[in-house]
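S.K.: Residues per chain are reported as follows:
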Amino acid sequence: MIEALGVAFAYPGGQMLRFNDVTVEQGGTLLLRGPSGSGKSTWLALVAGLLTPSAGVLRVAGQAVAALGPSARDAWRARNVGFLPQKLHLSDALTVADNLALVYFAAGMPVDRTAIAQGLAALGVADLAGRKPAQLSGGQAQRVALARALLLRPRVVLADEPTASLDDAACATALQLLQRTAQACGATLVVATHDARVLQALPQAQVLGFQAVAGGVAP
Amino acid sequence: MNVFTLSWRYLWSRPLATVLNLLLLALGLASMAFVLIARDKVDRAFERDLAGIDLVVGAKGSPMQLILAGVFHLDVPPGNIALADVQQLQQHPQVAQLIPLSLGDNVAGFRIVGTTAAYPAHYGATLASGALWQEPMQAVLGAQVAARTGLQLGQGFVGAHGLGAGGAVHAEAAYTVTGVLKPCGCVLDRLVLTATESVWKVHDDMHATDDMDDEDRAALAADREITLALITYSTPLAAVSFPRFVNDSTAMQAAAPAVEITRLLSMVGVGTRVFQGLGVVLLGVAALSVFIALWSAVRERRTDLAMLRMLGASPQKVGALLLCEALWLAALACVLGLLAAHGLVALLGAMLMAEQSLAITGWQWVHTEVWVPVLALGVALLAAGLPALGAYRLDVTQLLNSR
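In order, the protein sequence lines correspond to chains A and B. For the first sequence, the working numbering assigns the number 1 to the initial residue and increments by one for each residue that follows. For the second sequence, the working numbering assigns the number 1 to the initial residue and increments by one for each residue that follows.
Hints were generated in silico from the structure; no laboratory data involved. A portion of the hints provided could be inaccurate.
[Unchecked claim] Listed next, the stretches of chain A that the computed footprint assigns to chain B, with coverage defined by at least 3 CB atoms under 8 angstroms from CB atoms of chain B:
| no. | segment |
| --- | --- |
| 1 | 37-50 |
| 2 | 78-89 |
| 3 | 100-107 |
| 4 | 112-124 |
[Stated by the list, open to error] Every beta carbon over 12 angstroms from chain A, so not counted as near; a handful from chain B, in silico:
| no. | residue |
| --- | --- |
| 5 | Leu50 |
| 6 | Ala117 |
| 7 | Gln155 |
| 8 | Trp200 |
| 9 | Ile292 |
[To be verified] Derived DSBU-like pairs (lysine-lysine); straight-line CA-CA distance at most 30 angstroms:
| no. | chain 1 | residue 1 | chain 2 | residue 2 |
| --- | --- | --- | --- | --- |
| 10 | B | Lys317 | A | Lys87 |
| 11 | A | Lys87 | A | Lys132 |
| 12 | A | Lys132 | B | Lys317 |
| 13 | B | Lys201 | B | Lys182 |
Values in this document were obtained by computation on a predicted structure and should not be read as measured data. Built from N, CA and C at the ideal position, the CB exists for glycine as well.
Between the sequences and the hints, there should be enough to build the whole structure, so can you do that?
M.R.: If you want it as structure tokens, here you go:
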């Protein structure tokens, strides 16, 4: 569940960004819609606990993230937030399996190779465990990144422009996969996008609109 | 997966850069370690051979030459001294022990030294087999001499004139091996010891002619000479007055080993400092190279590191990852550098042994080597500090904004 009431964020330059209120039930889907630079990424960072709201109440999976100290917030994020960035950011220095093992490293947990194998198998990419990301196709890489995001069964999955570089067919497949796997985990799915196809593919999703920031874009 | 295994994998994801940095760092450390080890070994070799010898008395000339010839057997002696003069010195109250040494011949390049039983006793040498000489023309071989020449107990050999191989052979005067010394790691290992009379006998025979009568032979005996004498004082105060007494009142020269060796080491020290300076420059270059490698790694992997933060890794953990990469480099370079340095010292030892010079072993830990890992750690931390700080301060929200 995500509950955002009167949330605002002041950028270091002094510019204040105020966000619309929204409440998403656990397991629900939320689309953040708006043009580039309208503050969608900032909202994702607030939900992930990477930034702290300047005002308002933001509760994620029952936790007021801003109330946690920096270390506790990192630990909370490791256990509760899965992240699917637009560029996927799989490390070319590591194999697919080790990219997933980074999740355990970041969380300070012992690596569970069985869970990694199961996570990859659930997305149909079990046979890619030993490969390097550079050897994967775009679709394969996206599945691996999704497996990484869902490995610890997070309460919230944040997807940032997941369809930006996909054609129509791949876009539909990726979104179905994203929603299906997030639901299977019981995670709340948040998708930040300015892609109109996402709204069509996820018609039941709640939408949080973002406006272009006056005088330019959100820093 | 922990910070050590992950940093190891990141390190070898750029194998060429890693190997180059490793080589640079290892070269710098090896040159520093080589100086430390070699200096220590040479110092110890000098100390071992000098043990308890307060003064060397010989013919007038260069005092350092006298020390190098008489104590370390590395140089030719400046000349001979009269046995009668030496015997007078032996009676001096400030002399506790006087060991005569007579040089002049060699076997296979190893010096034959005419002396007394006090000489091997002075170094605490023990016999591996056989016994000390009982009469002239019997000889005891140092361990290295026995190993290199293959001479056995009871076997005979002849000396050649001069202190290096290749002199005229004294074919008419053969020695018999009566004993072989255990290795002592000192100068005795590369010497052939015999009675002083053996050296006289060989050279009397050389110079005596058939028409010499007993009177001539007696005159020859009265003119007996030895090459030099090693003296131990009976009192430390002798160091002040005794050398001056010898230099001013006799036809001989007194040289204090401690003074001459300090002078020698200070001359060698210039080369040592040049080598150390080279090591510092190499280490500086290595530190810069490691810094550049880690700095560019932070830049290249900024998104990887930001992703780690996004996954929940603390800034400390991300910074530690970079530090660990540098520590891996330091640890590997340290091992390689020390191995290379010990190997070089062993090579130096083998070369010196081939020239019957100082006994130096390369494969022994020297306590000053403890500075090498400390130095490596310092270089690694210095080089990794700023990149690690960069990783620590990474702005994760940039990852969210990167399109």
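S.K.: Please verify that the nearest CB of chain A lies beyond 12 angstroms from alanine 117 of chain B's CB.
M.R.: 71 angstroms, holds
S.K.: For the segment 78-89 of chain A, count the residues whose Cβ lies under 8 angstroms from any Cβ of chain B; is that count three or more?
M.R.: holds (count 8)
S.K.: Between lysine 87 of chain A and lysine 132 of chain A, does the CA-CA distance stay at or below 30 angstroms?
M.R.: 16 angstroms, holds
S.K.: Classify the label on glutamine 155 of chain B as holds or violated, using whether its beta-carbon is more than 12 angstroms from each beta-carbon of chain A.
M.R.: Since the minimum Cβ distance to chain A is about 67 angstroms, glutamine 155 of chain B lies beyond 12 angstroms and the statement holds.
S.K.: Taken at face value, is the distance from the CA of lysine 182 of chain B to the CA of lysine 201 of chain B at most 30 angstroms?
M.R.: Status holds; Cα separation ~27 angstroms.
S.K.: So tryptophan 200 of chain B supposedly isn't at the interface. Is its beta-carbon more than 12 angstroms from every beta-carbon in chain A?
M.R.: Per Cβ check, tryptophan 200 of chain B is outside 12 angstroms of chain A; nearest 78 angstroms; holds.
S.K.: Three residues minimum, CB to CB under 8 angstroms: does the segment 37-50 of chain A make the cut for coverage by chain B? Let me know.
M.R.: holds (count 6)
S.K.: Please verify that the nearest CB of chain A lies beyond 12 angstroms from leucine 50 of chain B's CB.
M.R.: 57 angstroms, holds
S.K.: Would you check chain B against the segment 100-107 of chain A, counting CB to CB pairs closer than 8 angstroms, and say if three or more residues qualify?
M.R.: Since 7 is at least three, the answer is holds.
S.K.: Are there at least three residues in the segment 112-124 of chain A whose beta carbon sits under 8 angstroms from a beta carbon of chain B?
M.R.: violated (count 0)
S.K.: Given the hint that lysine 317 of chain B pairs with lysine 87 of chain A, test it: the Cα-Cα distance must not exceed 30 angstroms.
M.R.: Within the cut-off at roughly 23 angstroms; holds.
S.K.: Lysine 132 of chain A and lysine 317 of chain B were given as a pair; does the straight-line alpha-carbon distance stay at or below 30 angstroms?
M.R.: Within the cut-off at roughly 24 angstroms; holds.
The structure shown violates just one earlier hint, number 4.
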